[in-house]
Structure formats: C-alpha cells, structure tokens
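Number of protein chains: 2
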Amino acid sequence: MKKVEVVVVGSVAFDSVKTPFGEVERVLGGSASFFSIASSFFAKTGLVGVVGRDFDEKFVQLFRKKGVDVSGLEYSDGKTFFWKGFYDFDLNIAHTIETQLNVFSSFKPVLPSAYRDAPFLFLGNISPALQLEVLEQMKKRPLTVACDTMNYYIEREPHNVKKVISHSDICLMNEAEARELFKTTNLVVAAKQILLLGAKHAIIKKGEHGSLLFSGKSFFFVPGYPLEKVVDPTGSGDSFAGGLLGFLASQKKTGGKSIRRAMVYASAIASMNAEQFSTRALESASLAQIRKRVKEFRKMTEF
Amino acid sequence: MKKVEVVVVGSVAFDSVKTPFGEVERVLGGSASFFSIASSFFAKTGLVGVVGRDFDEKFVQLFRKKGVDVSGLEYSDGKTFFWKGFYDFDLNIAHTIETQLNVFSSFKPVLPSAYRDAPFLFLGNISPALQLEVLEQMKKRPLTVACDTMNYYIEREPHNVKKVISHSDICLMNEAEARELFKTTNLVVAAKQILLLGAKHAIIKKGEHGSLLFSGKSFFFVPGYPLEKVVDPTGSGDSFAGGLLGFLASQKKTGGKSIRRAMVYASAIASMNAEQFSTRALESASLAQIRKRVKEFRKMTEF
Chain F
1 MKKVEVVVVG SVAFDSVKTP FGEVERVLGG SASFFSIASS FFAKTGLVGV
51 VGRDFDEKFV QLFRKKGVDV SGLEYSDGKT FFWKGFYDFD LNIAHTIETQ
101 LNVFSSFKPV LPSAYRDAPF LFLGNISPAL QLEVLEQMKK RPLTVACDTM
151 NYYIEREPHN VKKVISHSDI CLMNEAEARE LFKTTNLVVA AKQILLLGAK
201 HAIIKKGEHG SLLFSGKSFF FVPGYPLEKV VDPTGSGDSF AGGLLGFLAS
251 QKKTGGKSIR RAMVYASAIA SMNAEQFSTR ALESASLAQI RKRVKEFRKM
301 TEF
Chain L
1 MKKVEVVVVG SVAFDSVKTP FGEVERVLGG SASFFSIASS FFAKTGLVGV
51 VGRDFDEKFV QLFRKKGVDV SGLEYSDGKT FFWKGFYDFD LNIAHTIETQ
101 LNVFSSFKPV LPSAYRDAPF LFLGNISPAL QLEVLEQMKK RPLTVACDTM
151 NYYIEREPHN VKKVISHSDI CLMNEAEARE LFKTTNLVVA AKQILLLGAK
201 HAIIKKGEHG SLLFSGKSFF FVPGYPLEKV VDPTGSGDSF AGGLLGFLAS
251 QKKTGGKSIR RAMVYASAIA SMNAEQFSTR ALESASLAQI RKRVKEFRKM
301 TEF
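If you're matching them up, the sequences are chains F and L in order.
Numbering-wise, the first sequence is residues 1 to 303 according to my numbering.
Numbering-wise, the second sequence is residues 1 to 303 according to my numbering.
Calculated from the structure, these hints are not laboratory results.
Incorrect hints may appear among the rest.
Same chains, same label: a pair holds when it works inside one copy or across any pair of copies.
In the DSSO-like style, the derived pairs of lysine-lysine whose C-alpha atoms are separated by at most 30 Å in a straight line are [to be verified]: (1) K295 with K253; (2) K84 with K257; (3) K192 with K229; (4) K2 with K299; (5) K183 with K2; (6) K229 with K200; (7) K299 with K253; (8) K192 with K84; (9) K229 with K183; (10) K299 with K65; (11) K200 with K299; (12) K299 with K183; (13) K200 with K257; (14) K58 with K140; (15) K192 with K292; (16) K229 with K163; (17) K252 with K299.
Take these sequences, add in the hints, and give me the full structure.
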C-alpha cells in the first residue's frame, strides 16, 4: 500500500444546496471531503474526520475509489455534520439556512500512526486549538504545514488563529477572512501580516477573482477561470487547497516555481469543482482534463 | 508639429476628493484629463472637452507639458464641471457628495479638423448620442474606435449604449456597469454579449481585482498591481483606457499580442495613478518607471 503523503483534518458532511442552477439534498460535503478527493489526483492522501452512524457507505466507497485513505475517518454515535444553504445569483456568497454540527461538535481528531510522519499536513476548518493538537500528534514537524480557518474562529479567537498561522508554512484564507482577521480592506497589508506571523507563503483566495500568493517579496497571481456557468461553488476553496498540497507533494518540494505551478493546478481543480454540485465534477475529472485547464491558464496570462 | 494619433472625447473637471489618506480641493479631474495624460506617454493625443472661464490655466500648461494637444479644449461661458466625493476604507467605491455639470451639461463636442483622420478614437463618458455624433465627425472610420460609458447612461438609455458598442472595436466597462447593462452577475456572459453586439474586444475593469479581455474565443487576464497604499483611485479607469489606446497607437496595430501587452501597460499606469491624488502620479511618472512596472507584471504571472 502506498504511503500517505498528504494528511487533511477537517469536516465531512451532508450538504443540501440550492443554486440558480438546481438543488441537491444530503450530498457529500465538508472541507476534508473536497480536499482529499482533489489532493488524491496527485498524491496519496489520508483523511481525518468524523461522521455519524447515518453516514452513507457509498461516500466511503467514493473516497476509496478516488484513492483517498480513509483509515482516519472516525465513526461516532450520532448524526453526521449537516449544512443547508443556498446561493443567489451572486454565486460568491453562500447563505446558510441551517448548520447541525452533530458529531463534529465533539470531534477530537486522532491521527492513525501511519499518518504521523506524512510530509504534508493540512489543518482544515476545525478549531485552532484542535489544529495545534493535530500538529503535535505528528512524529516530527512535517515538511510543509498548511492551514485554513473560518470566520467563526476569526471572530471568537483571533489570537489562536494567528498562533496556528505562526506554526504554518502556508496560510490559506479567503478574501473576507483576511480582511476580518487583520482589520484592513487592503489584501497586500493582510498578506504581509500573515508573513510577519511566520508563514512562508500567504495565499488569499478571491473566488471568481482568482487568488494571490505572497512569498517574501515575491507576488504571484492566478486569475479565476472564466466560467460561463457556476453551478455550485461549495467546496471550491477546499478543492483549491487539496490541489495545492497534492501537487506540492507530487513535486516533493515547495520552493522555486513549484508553489506557483501548484497554485495554477489548484485553480484548475477549484474551477472544475464549481461546474457541478457536490464532488461530482471531481469524481468524473481526469488528470488529463486538469492538465488541459492548466494549459488554458497559461494561455490566459501570456503576453 | 506631430500629428494627433489618439483622440479622446470626455470630461475635464475640478475634483474635490477625500480618502483615508488625505484630502484635496479643486484639483484636475475628468475622464479626458486622465486619459490624455496617460495616452501621451506613447502617442500624440488630442483632447476634446469643455471647461468654463474659471478653468485654471496651470492645468492647460500641465496638459501641454505632458504633450497633450489641447486645440480641442473648448472654453464656454460658465463654470467648469465640478465633482466632489470621498472614498471610505473600501477604496473600490466612490461616494459622490456633489456633481455640478455646469458647462459640461450643454457640451456639443466639435473635433478640430486636424483630429478628424486620427487612427485611434476614444469615446469617453459623454452621452451615447454625442459619442455617435463624434464618430460621424471623423473623415473616415478610424482604425480603432474604443468606447466607455457610465451607469448614468446605462440606466437611462441602455439601447443607445449598446448602439455605441456595436460601432466600436474595443468596449471598456467596469465590472458593475457590465453586470448592470446585461443584467447578469456573470462577467463571462456579459463579455460575450459585448462581442455579440459587434465589438472585437470586450475589456472588463475590476479595480483591485485586475481586468479581463475577451477577444473572440480568446481570454486574457491582468491582475491588479498589489498596492499597499491606494491613496486615490479616481481616474484609474480612465488612465487605464489612455494607456491602452496610447500603447496600441504606438504599435500601429491592435492584433496579435499587441492588445494583451497594451492591457499590461494600461494596468501599470492605472495602478501608478492610484498612488497619488488627481493626476499627480501621472505628472511625475516616466516611461522607464512604467516599463519597470510592466516587467513586474510579467514576474507576477509567470509560472
């Protein structure tokens, strides 16, 4: 069996989503779901998460089929995390109707021993305290630690969010979160604050407007892929992170142009994800299709 | 005397502007002012506009010093167009306190005869009917006609705005205007509508998020330059348009990679403009500084 190279800790959920292009009920959702499937295109990825007894076995089969290692998926008595939301015509904004944390509310992630020396670790949308606990479970400091967060923790424990950033190599945030955490509208200022906390790379995700990478004094930009039809943007940020870490793991390094290329692969996967509900686009995508889109990104920025 | 290659019709104004970084009163403003100074870095540019008897002679001297041909600047009895506004910490949004159209309200642009065979014509923020009248004053159809518009005309006469687009080669619009004119949140859909109207190139300006170019099936993207301090974004869209047309005129063509390179020069100038109030940054900028920023754009998108 292939050794796990990327570990992700985050949520696994049932999502009910309505967008101008349709509606789905209790489909696969959660940050770790999108991340692990996206990352698995490039590197063996282990998922650490929790589900309830109601979790659908077909989703576990789906993870396995996509190459995700699910030995870190814990079953707990109770119901699986459930999120219900909708998007209006402005598909940049998710409106929450209902959030049932269920088994996720008492989740204490425990990394399988086979995960504890993985070189790439992604600390997804769990509390900052738990993110740090997960990091401490690793046998040694991974080659690359990346973190994400949520407005929920930024509002309640900004100090702890910053502590996690200071322990990370790559910090990913969306535009609104970065503005909120650092109390500035200027994303350059926010990114510099992330670097000052100690992260080597600050990545700001801007949805349809693309994403920014700040590494020291170097700046890199990837546009949003010009989609004429955004069916469901849920999970695109997590797919981005999965593509990023997975690609980096496949390169076995993060320096030089690797992280720039990883950003483009991540953008390609994130845009594909938004073309269908839930993880459907990622399920049917091939590496060749991803590479084709990466080539389009190159054409889109050449002058 | 050098022949005028680029003609711009638009507003010349006094602006009073307040931003988080300071405040200025009755400084040079107006779309044609920013456009003509930016364009003059690359090509002889003639300005068609109107001012009142109160207009400051030092601004006319400034235009001349920057190489702008002002034989199309008309003096009319009355006061110069005056705009007063402010920006909050979100510098993407201009808040208007006062608009006095003054002599601009009865402006009937008349092109000097020396302008009437210029190869590049920019139809700035005057009414669509006047834009078409200006086009008819040209001896023959210019090599390249570019147009811009304003939400004011989009709301009152969308049909006429579309008519002007159908007579243009390049249509520039900001994000909000494009969404409003074509009643869609999706910019790809809006851009395709512009091309369907007959323009060869649709350019959507997104402020700090950069700009998009759609030409047939080809798509190009330029990021916003990462400014840590945006002092005053007034006129950056017009500086962008001036840089675009001026650069194209200097290349004597719009095909191939010319328009992509022009977009990058335009973005460089637009970002420089936002670093100081009014036209101050453009006044002191050199072509070498613009080229240096263009090189930075190349570095920012290479992977």
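Structure-based check of all given hints:
In this assembly of identical chains, the alpha carbons of K295 and K253 lie at most 30 Å apart whether taken from the same copy (22 Å) or from different copies (27 Å). With identical chains, the CA atoms of K84 and K257 are never at most 30 Å apart, being 39 Å at best within one copy and 46 Å at best between copies. In this assembly of identical chains, the alpha carbons of K192 and K229 lie at most 30 Å apart only when taken from different copies (13 Å versus 34 Å within one copy). In this assembly of identical chains, K2 and K299 lie within 30 Å of each other by CA distance neither inside one copy nor across copies; the values are 35 Å within and 37 Å between.
With identical chains, the CA atoms of K183 and K2 are never at most 30 Å apart, being 44 Å at best within one copy and 51 Å at best between copies. Proximity of K229 and K200 under a CA criterion of 30 Å is satisfied inter-copy only: 22 Å between copies versus 35 Å inside one chain copy. In this assembly of identical chains, the alpha carbons of K299 and K253 lie at most 30 Å apart whether taken from the same copy (25 Å) or from different copies (21 Å). Within a single copy, K192 and K84 get their C-alpha atoms no closer than 35 Å, and across copies no closer than 33 Å, so neither meets the 30 Å cut-off.
In the homo-oligomer, the alpha carbons of K229 and K183 lie at most 30 Å apart only across protomers (15 Å), although the nearest pairing inside one protomer, at 33 Å, exceeds that limit. When the C-alpha separation of K299 and K65 is checked against a cutoff of 30 Å, the pair qualifies neither within a copy, at 33 Å, nor between copies, at 39 Å. In this homomeric assembly, K200 and K299 come within 30 Å of each other (Cα to Cα) both inside a single copy, at 28 Å, and across copies, at 19 Å. Proximity of K299 to K183 under the C-alpha cut-off of 30 Å is restricted to the inter-copy arrangement: shortest distance 29 Å between copies versus 36 Å within a copy.
Proximity of K200 to K257 under the C-alpha cut-off of 30 Å is restricted to the intra-copy arrangement: shortest distance 14 Å within a copy versus 35 Å between copies. Taking the shortest Cα distances, K58 and K140 never come within 30 Å of each other, neither inside one copy (35 Å) nor across copies (68 Å). Taking identical chains as interchangeable, the C-alpha atoms of K192 and K292 lie at most 30 Å apart only when they sit on different chains, with a minimum of 22 Å there against 33 Å within one chain. For the identical chains of this complex, K229 and K163 are inter-copy neighbours only, at 27 Å across copies versus 39 Å inside a copy, given an alpha-carbon limit of 30 Å.
Taking the shortest Cα distances, K252 and K299 sit within 30 Å of each other both inside one copy (26 Å) and across copies (24 Å).
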